[in-house]
Amino acid sequence: MFKDLDPILHSQLRLAVMSLLISVREAEFTFLKEKTNATAGNLSVQINKLKDAGYIQVKKQFKDNYPQTLCSITDTGIAAFEKYVRDLQSYLQTGAA
Amino acid sequence: MEDKTLSSAASLQLIDSMINKARNRFSENGHLYLVWGWSIFFITLAQFFIIRYQLLAKPQLLWMLTFVPWLYMMIYLRKKQHTETVRTYTEEITGYVWLVFVAMMFLNGLILGKAKAFQAILPLTLVLYGMPTTISGIVLRFRPLVLGGAACGLLAIGSLFADYAHQHLFLSAAVAAAWILPGYLLRRRYRTLLQH
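Protein sequences appear in the order of chains B and X. Numbered per our numbering, the first sequence finishes at 97, counting up by one with no gaps. Numbered per our numbering, the second sequence finishes at 293, counting up by one with no gaps.
The shape of chain B in the complex, shown without the other chains (with noise of 0.2 Å):
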C-alpha cells in the first residue's frame, strides 16, 4: 500500500545531508559543503528546515576564532530516516508488483 513520503526528506540536499549524518557522530558544515556540492546559502537553509523538524542538532562554536557550525542527527532524526528508507522500499515493492 502507498504511504506517503515525509516531505521533510523527500528532498535531494536535505535527503543527502540525513544521509551523511546517520553515517558519523558529527560533521562540520565545511564537511557536508564538500561532500553534497552544494551552495553554502542553499545549504544552510536546508540545515535550518531539518532543525526546526528537530532531525538534527546544530552547535555553533568558535575553532581558532573562526565560526564553526557541527551538526549531527538526533534520535527523532533518525527514526524519521528510518521511516522514510522503509516506505520507500515498500513504494517501490508496489510499484514492482
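Be aware that a few hints might be false.
Restraint-style ranges between C-beta atoms, simulated for each label pair [stated by the list, open to error]: (1) B:F62 / X:M202: 56 to 62 Å; (2) B:T94 / X:F203: 27 to 33 Å; (3) X:F215 / B:V58: 50 to 56 Å; (4) B:Y66 / X:Y150: 54 to 60 Å.
Per the computed footprint, the stretches of chain X lying under chain B, defined by three or more beta-carbons under 8 Å from a beta-carbon of chain B, are [stated by the list, open to error]: (5) 161-168; (6) 173-183; (7) 186-193.
With a cut-off of at most 25 Å between alpha-carbon atoms, the simulated SDA-like pairs for lysine to any residue come out as follows [unchecked claim]: (8) B:K83 / X:R120; (9) B:K63 / X:A119; (10) B:K33 / X:H293; (11) B:K60 / X:H293; (12) X:K176 / B:Q61; (13) X:K118 / B:E82; (14) B:K51 / X:K118; (15) B:K51 / X:L111.
Rather than coming from a laboratory, the hints here were simulated on the basis of the structure. The C-beta atom is built at its ideal place from N, Cα and C for all residues, glycine as well.
Let chain B serve as the given structure and place chain X on it in line with the hints.
Same frame as chain B, now just chain X:
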C-alpha cells in the same frame, strides 16, 4: 546539489552514495601506533638489559621516558582535532577504548605495585595491551590489529614462565606484533586509500 524532490529509486541511490562517501573515510594513518610502539619497544628492551646486567639501581625510572612520546601524542591529537571536519563513530569508540586502557594501565600498576606482585605486573600489562588493540582492529575492520591483540594474550601466558627480566622481552615482542607491525600496515593502507 539542489532542493528538488526525487523519484523513489533516485532517493535510495542518493542515500547509498552519501552513506558510502561518509563510510569510506579512513583516517587512521598508523602514526601514533608507530610512535608509541617504537617508544615502548626501546624502553622494554633497555629495561631487559638494565635488569639482566644490573646496570641501574632503579630501572623502573626508565618508564618516565614515556612522558616524551605521550606529550607528543597529546599535541598531535590536538592538532588533528583542529583539522578534522567530521568525527565518526569509529573514531569516537576507539578514542574512548584507548582512554579506558590508559586508566586501566595506571590502576594495574598501582594495585599490583602496592600488593608487591611484581611478577604479575608485566603479564597483566600484556593482557591489557591486547584489549584495546583487538577492539580497535574489530572496529576498524583491520585484521593485523586483531591478530596483534591475540598475540598479546599468547605472550601474556608465555611470560608467566619467564623471570622478571625476560618478561620485558615478551613485552617488546607484543609491542612489535600489536602496534609496530600493524602501524606500518595501517600507514600503507592509508596511503593507498589517499591515492584513490
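Margin query: Can you confirm whether the C-alpha distance between B:K63 and X:A119 stays at or below 25 Å?
Written below: Distance of about 22 Å is within 25 Å: holds.
Check: Residue count check for the region 186-193 of chain X against chain B: does it reach three with CB-CB under 8 Å?
Finding: With 3 residues closer than 8 Å to chain B, the region 186-193 of chain X meets the three-residue bar; holds.
Notebook entry, point to check: For the pair supplied as a hint, B:K51 and X:L111, is the alpha-carbon distance within the 25 Å limit?
Noted result: Holds, at roughly 21 Å.
Check: Is B:K83 within 25 Å of X:R120, Cα to Cα?
Finding: 21 Å, holds
Item checked: Assessment of proposed distance window 54 to 60 Å (beta carbons of B:Y66, X:Y150) -> 56 Å, holds
Margin query: Taking beta carbons only, do three or more residues of the region 161-168 of chain X come closer than 8 Å to chain B?
Written below: violated (count 0)
Item checked: Given pair status - B:Q61, X:K176, alpha carbons within 25 Å -> Since the Cα atoms of X:K176 and B:Q61 sit roughly 17 Å apart, the hinted pair holds (cutoff 25 Å).
Next item on the list: Mind checking the alpha carbons of B:K51 and X:K118 for me, to see if they're no more than 25 Å apart?
Entry: Judged against 25 Å, a Cα distance of about 22 Å means the pair holds.
Check: Is it true that the C-beta distance of B:F62 to X:M202 lies inside 56 to 62 Å, as the hint says?
Finding: For X:M202 against B:F62, whose Cβ atoms are near 35 Å apart, the range 56 to 62 Å is violated.
Margin query: Next pair to validate is B:K60 with X:H293; report whether the Cα-Cα distance is within 25 Å.
Written below: Distance ~33 Å between B:K60 and X:H293 Cα, so the pair is violated.
Next item on the list: Compare the distance between the alpha carbons of B:K33 and X:H293 with 25 Å, and conclude whether the hinted pair is satisfied.
Entry: With a Cα-Cα distance of about 21 Å, the restraint between B:K33 and X:H293 holds, given a limit of 25 Å.
Next item on the list: Please work out if X:K118 and B:E82 have their alpha carbons no farther apart than 25 Å.
Entry: Holds: X:K118 and B:E82 sit about 19 Å apart, inside 25 Å.
In summary, the numbered hints that this structure violates are 1, 2, 5 and 11.
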